[in-house]
Amino acid sequence: MSERPTPSPDAMIFLDGVSKRYPGQEKAAVSELSMEIKRGEFVVLVGPSGCGKTTTLRMINRLVEPTQGRIFIDGKDVTHADVDRLRRGIGYVIQQIGLLPHLTIADNIALVPKMLGVKKSERRQRAEELLEMVGLDPATYAGRYPRQLSGGQQQRVGVARALAADPPVMLMDEPFGAVDPIARKKLQMEFLRLQGRIHKTIVMVTHDIDEALRLGDRIAIFDPGSRLAQFDTPLAILSNPADDFVRDFVGSGAPVRRLSLLKVSDVIASSASDAPGTLNAIPVDAGETVHRALELVLTARAEGIEVCVPGGGSRYLDLQALLTAAAQPTKVLS
Amino acid sequence: MSLVAYMADNAGRLLFLTQQHIELVLISVAISAVVGIGLALLTQSSPRLRHGLLSLTGTLLTIPSFALFALMIPLLGLGVAPTIAALAVYGVFPILRNTVTGIEGVDPAIVEAARGLGMSAGRRMRTVVLPLAWPVILNGIRTATIMLVATAAIGAVVRGPGLGELIFRGLERIGGANALEEVLSGVIGVMLVALVLDLLFIVIAKITALRGLNV
Numbered sequence: 001m002s003e004r005p006t007p008s009p010d011a012m013i014f015l016d017g018v019s020k021r022y023p024g025q026e027k028a029a030v031s032e033l034s035m036e037i038k039r040g041e042f043v044v045l046v047g048p049s050g051c052g053k054t055t056t057l058r059m060i061n062r063l064v065e066p067t068q069g070r071i072f073i074d075g076k077d078v079t080h081a082d083v084d085r086l087r088r089g090i091g092y093v094i095q096q097i098g099l100l101p102h103l104t105i106a107d108n109i110a111l112v113p114k115m116l117g118v119k120k121s122e123r124r125q126r127a128e129e130l131l132e133m134v135g136l137d138p139a140t141y142a143g144r145y146p147r148q149l150s151g152g153q154q155q156r157v158g159v160a161r162a163l164a165a166d167p168p169v170m171l172m173d174e175p176f177g178a179v180d181p182i183a184r185k186k187l188q189m190e191f192l193r194l195q196g197r198i199h200k201t202i203v204m205v206t207h208d209i210d211e212a213l214r215l216g217d218r219i220a221i222f223d224p225g226s227r228l229a230q231f232d233t234p235l236a237i238l239s240n241p242a243d244d245f246v247r248d249f250v251g252s253g254a255p256v257r258r259l260s261l262l263k264v265s266d267v268i269a270s271s272a273s274d275a276p277g278t279l280n281a282i283p284v285d286a287g288e289t290v291h292r293a294l295e296l297v298l299t300a301r302a303e304g305i306e307v308c309v310p311g312g313g314s315r316y317l318d319l320q321a322l323l324t325a326a327a328q329p330t331k332v333l334s
Numbered sequence: 001m002s003l004v005a006y007m008a009d010n011a012g013r014l015l016f017l018t019q020q021h022i023e024l025v026l027i028s029v030a031i032s033a034v035v036g037i038g039l040a041l042l043t044q045s046s047p048r049l050r051h052g053l054l055s056l057t058g059t060l061l062t063i064p065s066f067a068l069f070a071l072m073i074p075l076l077g078l079g080v081a082p083t084i085a086a087l088a089v090y091g092v093f094p095i096l097r098n099t100v101t102g103i104e105g106v107d108p109a110i111v112e113a114a115r116g117l118g119m120s121a122g123r124r125m126r127t128v129v130l131p132l133a134w135p136v137i138l139n140g141i142r143t144a145t146i147m148l149v150a151t152a153a154i155g156a157v158v159r160g161p162g163l164g165e166l167i168f169r170g171l172e173r174i175g176g177a178n179a180l181e182e183v184l185s186g187v188i189g190v191m192l193v194a195l196v197l198d199l200l201f202i203v204i205a206k207i208t209a210l211r212g213l214n215v
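As you go down the protein sequences, you meet chains A and B in turn. If you use my numbering, the first sequence corresponds to residues 1 to 334, in order. If you use my numbering, the second sequence corresponds to residues 1 to 215, in order.
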């Protein structure tokens, strides 16, 4: 038998050839999947229904037991560890939220700390902290019951509950799927901001490629045959789709969507034009997205942008040069 | 002699029999509840066995009560034991059925979330499933209780305790002095016991109602 692979030191989640085969079904739900997710990374699993993305997610906390392969969390093989203890160390958020209707919001949030034997007063304090963190006023909401809250508020409580024991890993199964589109976008943005503070390792499942592109540091696209078609950054997926399925799945708007992911700093190197002079340019920060730069140019009715580059000096790009540069996929790979 | 006068004259005995009747029903229902809820929990992982048990206990309910009491005689003789045994058999079905319905009616997403948080199976049952299923289970116990109040009167055929004695003795000597009054006071007693126990269950339901469910 050959040497089995082990996770690299900065891997938080490592799946080593995991498969799930349900009895009586010819095709495996997930087959021989290997994936490494780094500490603090936000990975989104996306694909059409039945592609195995949810099964993959649920194998990480072993709500689905893999029929084959190994699972590592934080360097430890947890394939056969005590499931309940494993799950208490992994935050879990589902679309239907699943708050216990007969417990107050504070008690719901404190469920895992309670199972871990945290004292009552500390649990209460932790619940209030978390409510604050997800943007709900503890004084108003701690003593309420789930059914007194709106869907969006319940989902925030669901997130707070998953964070209660400060787990390094969070699994989220279509967490924003049940809220209306306006609230969803708001929740997504809030969640990104929260993640910026807490730096959890997050694996999220969605069927919405836009959500995946907006939230993920890296995106794993599964094809209908349960194969991992591509696992890469949003920008790389938009720029260099691995195959026709990924291209189709991402949709026709890819070149325009890329503009919101490309930074001005990504494109200035590839531009030839640095001729100053007559150009009516507006200053843009190198860290802005190309999308934002274009917006600024169009709003100001300017002809191009002026970007300060490190080491002094600045470069000019006219509108045409900016678009040409943004359209070059190769640049992204450097 | 009027009914009221009869009841006043025999108040002591009537009260005693009523009290016996209530005790008989409550003991039998308690046994039924332990068996019914227990069977529902034990068959948690085997829906086929569970539905088999539901059919079986449902079938037992169709045995005429007179016959069931009589069938207990060779096994347990006469008196309290066969009466309680027969009543407990009857009470199992409504409690088992409602427990199963109640457990199956708990939102799977709630159970799934609890599982995902690392709540063990026993803890999930104790703190999530049973509390949420409780109103339905309690209703099963209530149905069983009311049913047993009436059936318990038949227990007199095996010399069981309770108000049935008045009814059967009265009927045996119907036409005799105060026979009708005796029967009627038994019937009225049974009805009153049913009413009082029903009210008791309403109170229990109110006291044990979970907060947060009706908001």
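To be clear, the hints were calculated from the coordinates, so they are not data collected in a lab. For each residue, glycine too, the CB sits at the ideal point set by N, CA and C. Keep in mind that a hint or two might mislead.
[Unchecked claim] Label-pair restraints from in silico Cβ distances:
| # | chain 1 | residue 1 | chain 2 | residue 2 | range |
| --- | --- | --- | --- | --- | --- |
| 1 | B | T62 | A | M133 | 58 to 68 Å |
| 2 | B | L75 | A | K120 | 45 to 55 Å |
| 3 | B | L195 | A | D166 | 36 to 46 Å |
| 4 | A | K119 | B | R123 | 30 to 40 Å |
| 5 | A | M133 | B | G122 | 27 to 37 Å |
| 6 | A | K120 | B | I63 | 32 to 42 Å |
| 7 | A | S34 | B | A121 | 46 to 56 Å |
Please test the hint of 46 to 56 Å on the beta carbon pair from S34 (chain A) and A121 (chain B). 31 Å, violated
Determine whether the Cβ-Cβ distance between L75 (chain B) and K120 (chain A) falls within the hinted range of 45 to 55 Å. 52 Å, holds
For T62 (chain B) and M133 (chain A), compare the CB-CB distance with the range 58 to 68 Å and indicate the outcome. 60 Å, holds
Should the hint that M133 (chain A) and G122 (chain B) are 27 to 37 Å apart at their CB atoms be regarded as holding? Distance hint for M133 (chain A), G122 (chain B) holds at roughly 32 Å.
Given the range 36 to 46 Å, decide if the beta-carbon distance of L195 (chain B) to D166 (chain A) lies inside it. With Cβ atoms ~56 Å apart, the hint is violated.
Honestly, do K120 (chain A) and I63 (chain B) meet the 32 to 42 Å range at C-beta? Given range 32 to 42 Å: violated, Cβ gap about 52 Å.
K119 (chain A) versus R123 (chain B) beta-carbon gap, inside 30 to 40 Å or not: 19 Å, violated
Hint compliance for this structure: hints 3, 4, 6, 7 are not met, and every other hint is.
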